Amino acid sequence: MFKINNLKTIILTDKSEGLSDHYGFQFQFNEGLNIIAGPNSRGKTTINSCVFYALGMEELLGAHNDKALDKALKEEFTIKGDNEAQQGVNYKVLSSKIILEIENEKKEVVCLERFVKTSDETKKTSNITIYNSTLEHLDGQGYEGIKHQLYFVNQRGNNDDVNGFYNWLSNFMGLNLPQVSNASRVDNYSPLYLQTVFSALFIEQTKGWSDFFATMPFFGITKAKEKIVEFLLDLNEIHLSTRKDILNKFKNSLLEEWKRKIKAFQYLEKQYNASILFVPEELTTEKSEIDKISILFSIGEEEKVSFDYYISTKKQLVLDIENQPLLSVKENREKTILEFNKQKQEYSDIKDYIDRFESKLSVDRSQSKNLDSQLVVIESEIKDHLNLQKVFSENIINENGANHCPTCSQLVTTNLISTKKINIPQLTLEENTNFLRSQKKIVESSLTSLKETIAEKEMLFSYFKNTLRQKEILIKSLSKDLISDDRAFAESEIVKRLQIEREIENLNVLKESVTELKNDLKDLATKYHNNDLEIGGLANSEKKDEDIIASFESEYKNILFSFGYESNEKYQISINRKEPFKYFPVYKNYANDTNPQSIRINSSASDFVRNIWAYTISLMTVGANHPGIIMFDEPGQHRTNLASLKQLLVTCSKITDRQIIIFTSIDKKINEDETIDLDFLLQGLGKHNLIRLSDSKKVIKKL
Amino acid sequence: MINIQLDPKPLSISIRYNGYYKLVLLLAIIKYCGIGQKASLELVHIVFWSLRSETNYQVLDDLSKQVRKNLIPWTFEHGIEEVLSLGFVNAFIERIIVTNTLEIKITEKGIQILKSIQEFQLFQEELSKISSLGKIPKSRLQSANKSWSII
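Here the protein sequences come in this chain order: A and B. Here this note's numbering is used: the first residue of the first sequence is 740, the next is one more, and so on. Here this note's numbering is used: the first residue of the second sequence is 3, the next is one more, and so on.
What the hints contain is simulated information worked out from the structure, not anything from laboratory work. Since the structure is predicted, the reported quantities are computational estimates derived from the model, not experimental observations. Do not rely on the hints blindly, as some may be mistaken.
What the hints assert, rightly or not - With a straight-line Cα cutoff of 30 Å, these simulated DSS-like cross-link-like pairs (lysine-lysine) come out:
hint: 1; chain 1: B; residue 1: Lys111; chain 2: A; residue 2: Lys806
hint: 2; chain 1: A; residue 1: Lys856; chain 2: B; residue 2: Lys111
hint: 3; chain 1: B; residue 1: Lys117; chain 2: A; residue 2: Lys862
hint: 4; chain 1: B; residue 1: Lys11; chain 2: A; residue 2: Lys1160
hint: 5; chain 1: A; residue 1: Lys806; chain 2: B; residue 2: Lys117
hint: 6; chain 1: A; residue 1: Lys863; chain 2: B; residue 2: Lys117
hint: 7; chain 1: A; residue 1: Lys831; chain 2: B; residue 2: Lys117
hint: 8; chain 1: A; residue 1: Lys1122; chain 2: B; residue 2: Lys107
hint: 9; chain 1: A; residue 1: Lys813; chain 2: B; residue 2: Lys111
hint: 10; chain 1: A; residue 1: Lys1129; chain 2: B; residue 2: Lys40
hint: 11; chain 1: B; residue 1: Lys33; chain 2: A; residue 2: Lys863
hint: 12; chain 1: A; residue 1: Lys863; chain 2: B; residue 2: Lys111
hint: 13; chain 1: B; residue 1: Lys111; chain 2: A; residue 2: Lys862
hint: 14; chain 1: A; residue 1: Lys1159; chain 2: B; residue 2: Lys107
hint: 15; chain 1: A; residue 1: Lys856; chain 2: B; residue 2: Lys117
hint: 16; chain 1: A; residue 1: Lys1122; chain 2: B; residue 2: Lys137
hint: 17; chain 1: A; residue 1: Lys1074; chain 2: A; residue 2: Lys1043
hint: 18; chain 1: A; residue 1: Lys1122; chain 2: B; residue 2: Lys40
hint: 19; chain 1: A; residue 1: Lys1179; chain 2: B; residue 2: Lys131
hint: 20; chain 1: A; residue 1: Lys810; chain 2: B; residue 2: Lys117
hint: 21; chain 1: B; residue 1: Lys33; chain 2: A; residue 2: Lys862
hint: 22; chain 1: B; residue 1: Lys11; chain 2: A; residue 2: Lys1180
Please work from the sequences and hints to get the whole structure.
Structure below.
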């Protein structure tokens, strides 16, 4: 848990006399309720965005680095004179920074310093410096001798690297960010990024009121909103689901492995010209099913024989040849001619087949080569896209900068493909990077499968060639027999015997491979079974979670109805335990309604805003892992009424051990009949800290 | 009546059509290949052409290292005029006249941009290719251009 003590903005301007002549603002925040009130455009949003920025949360405002901030902090601002009619004085910002003093449960106080605009290259806006000191001390005694450390915000690893800012901040808050499954990470896991958690804490004034956690940046975390709730409420589910995920992934990998093994059978079939029967296509944990797998050989058109029979006939053949007296060529001539013709026919058939096979193989090979070169192109494109994005995010070149001709102020295009007449709509750099990444994935996956097929085909190819060679040798010896002296011994018989012997050897190899594969399958089946048992076991540890959710639900409903929610009856509203809208409020027509509906659709606009108030507050009061701070910018949205707004302040003022910061306009119409009346809101309100902005002047002044 | 509405979907376009990408390369070309931090349009075009493929690069690299004295037919780079205007309005480059021809000179601001790009180690591949080409004197380029060969 942590709270904000002080916020200070320091600006050095072109009109500053000396380096210590500063402009800016400073505000003190207390535990409990803080209200920042003032008329429109006095700088509430500036203060608000400074808090986001100092905590490295500007992504929730929809931008990186200083782009999230108002131009008053980085370009120029005006200070009006006391007299209304007087012209204001313009100041150009030379450099500016924000200092935020925060304190954690252990009473450790630190100051976060982040530059908005800097003239010094060593000070980057993407870094935050932590000073182990109070703001008062820094102001009084200066920075000398104070321990400090630099952390980075906008780079890879900002959540888990020791020098990453969010890693530091979560440690400071005493929170341990869990690992969650993340589709956009190579290893499939990432920490639950702190920026996503803060979207449940800081409600920004425009987008923030449109949905629960509406400003959450996208990082590819699976079911990110659910994970945030699980984390804040400290539910077991978050660890369970990660474990479940791992188990499910393992399960899938087992299934894939199974498929690969099954393929290996087909491959053996082709290689040995056998048929392997009873191969279970789908994974089975029945061992007897696996034992059933057997090898058959066809010896005629229809006739098939078992492996043992086949091998024994081959062995018999060898014996027969051995037992026969060696025939001379003459005695064997008729047989030789027949055999010669038969072998020749077979030879040309195989040769034909091989030729066709080879041409197919070469098509595959050239395709693979093509894909390889495509992959190289895509990879270099992705790299360049990332490089260019970095150029913009580090502000080396300002993407939205001076693209107008200084003389005629015409727009200078940065898009080299469209012309004045033809405009080609293009993906942005980020969109295109994502697009290219998915392209890369497609190419990679087709490459892997293609390479597998090629490897298989190459094996088969060499087997075919080998068969062809054997035939060649046999034909050669047969033809030799045909032209040699009639009295000589027939060579072909000997060659034939040798070949059959080799065939028997091969058959034994086949048998071994099949047995080995069967054992592999049994192994897989055992692993699969154990994995399934573990998945089943996880379901039992959910009772504790249910207690937490139940107390969260009742807190939420009580707060919600105290705000004057009237779109539905109390019994119709509940926190959903299952998908869809898991952990979020839903509307049910009756108690056992199996089709819960989104609370947003079933509430009026103002009632939905009340929902966000209640939901955010109860997450804080019930959540064991909640950082202990919430911030509402303009909660008086969508014609909520003044009474509700007052009730919000009353509810918040009763929470004294956390910090609530509310920014509100005053004298603005909240609906047709009411304007926001600060006096009415504060009347009889409990303990609170009011920061009242000036009615006439903006927030930035001489310090 | 049926009302047909065409909804253009954004396309994925190669980064080679991004003005800023080419601007970065342009700055590098002027700095590394041009003599005196300035380059003629001819030089800019031919270096961009050489970056299109390995074969092209080899030809120009050979010319730069004086392994060959002629060039194969080469082409102008698309969109250079936009890239130049982008550079001018941002004041990364400026125009100067050297012996009656227009040349592009890199400004201090442009050099700073390149420096920070190097610091972040961005576009390493392209930049190292450009810098390893080295400075190509105008006279060598001109004489090579007079004798094109097919390979």
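Results for each hint:
Taking the CA atoms of lysine 111 of chain B and lysine 806 of chain A, the gap is about 22 Å. The hint holds against a cut of 30 Å. Among the hinted pairs, lysine 856 of chain A with lysine 111 of chain B is consistent with the structure: their alpha-carbon atoms are about 18 Å apart, no more than 30 Å. At most 30 Å may separate the alpha-carbon atoms for a hinted pair to count; lysine 117 of chain B and lysine 862 of chain A meet this at roughly 16 Å. For a cut-off of 30 Å, the pair hint linking lysine 11 of chain B to lysine 1160 of chain A stands: about 18 Å separates their Cα positions.
A C-alpha spacing of about 23 Å is found between lysine 806 of chain A and lysine 117 of chain B, which places the hinted pair at or below 30 Å, so the restraint holds. At most 30 Å may separate the alpha-carbon atoms for a hinted pair to count; lysine 863 of chain A and lysine 117 of chain B meet this at roughly 15 Å. Taking the CA atoms of lysine 831 of chain A and lysine 117 of chain B, the gap is near 27 Å; set against the 30 Å cutoff, the hint holds. For a cut-off of 30 Å, the pair hint linking lysine 1122 of chain A to lysine 107 of chain B stands: about 28 Å separates their Cα positions.
Restraint check for lysine 813 of chain A and lysine 111 of chain B: satisfied, since their Cα atoms lie roughly 20 Å apart, inside the 30 Å limit. At roughly 27 Å between alpha-carbon atoms, lysine 1129 of chain A and lysine 40 of chain B fall within 30 Å of each other, so this suggested pair holds. For a cut-off of 30 Å, the pair hint linking lysine 33 of chain B to lysine 863 of chain A stands: about 26 Å separates their Cα positions. Taking the CA atoms of lysine 863 of chain A and lysine 111 of chain B, the gap is about 18 Å. The hint holds against a cut of 30 Å.
With a C-alpha separation of about 19 Å, the suggested pairing of lysine 111 of chain B with lysine 862 of chain A holds against the 30 Å cut-off. Annotation: proposed proximity of lysine 1159 of chain A to lysine 107 of chain B holds, straight-line Cα distance about 28 Å (limit 30 Å). About 20 Å separates the Cα atoms of lysine 856 of chain A and lysine 117 of chain B, which keeps this hinted pair within 30 Å; it holds. Restraint check for lysine 1122 of chain A and lysine 137 of chain B: the C-alpha separation of about 27 Å stays at or below 30 Å, so the hint holds.
At roughly 26 Å between alpha-carbon atoms, lysine 1074 of chain A and lysine 1043 of chain A fall within 30 Å of each other, so this suggested pair holds. A distance of roughly 28 Å separates the Cα atoms of lysine 1122 of chain A and lysine 40 of chain B; the hinted pair therefore holds under the 30 Å criterion. Only pairs whose Cα atoms come within 30 Å are accepted, and lysine 1179 of chain A paired with lysine 131 of chain B is accepted, the gap being roughly 25 Å. Proximity of lysine 810 of chain A to lysine 117 of chain B is assessed by CA-CA distance (about 27 Å); at most 30 Å being required, the pair is judged to hold.
Of the supplied pair hints, the one linking lysine 33 of chain B and lysine 862 of chain A holds, its CA atoms being roughly 27 Å apart against a limit of 30 Å. As the CA atoms of lysine 11 of chain B and lysine 1180 of chain A are separated by approximately 22 Å, the hinted pair is consistent with the 30 Å bound.
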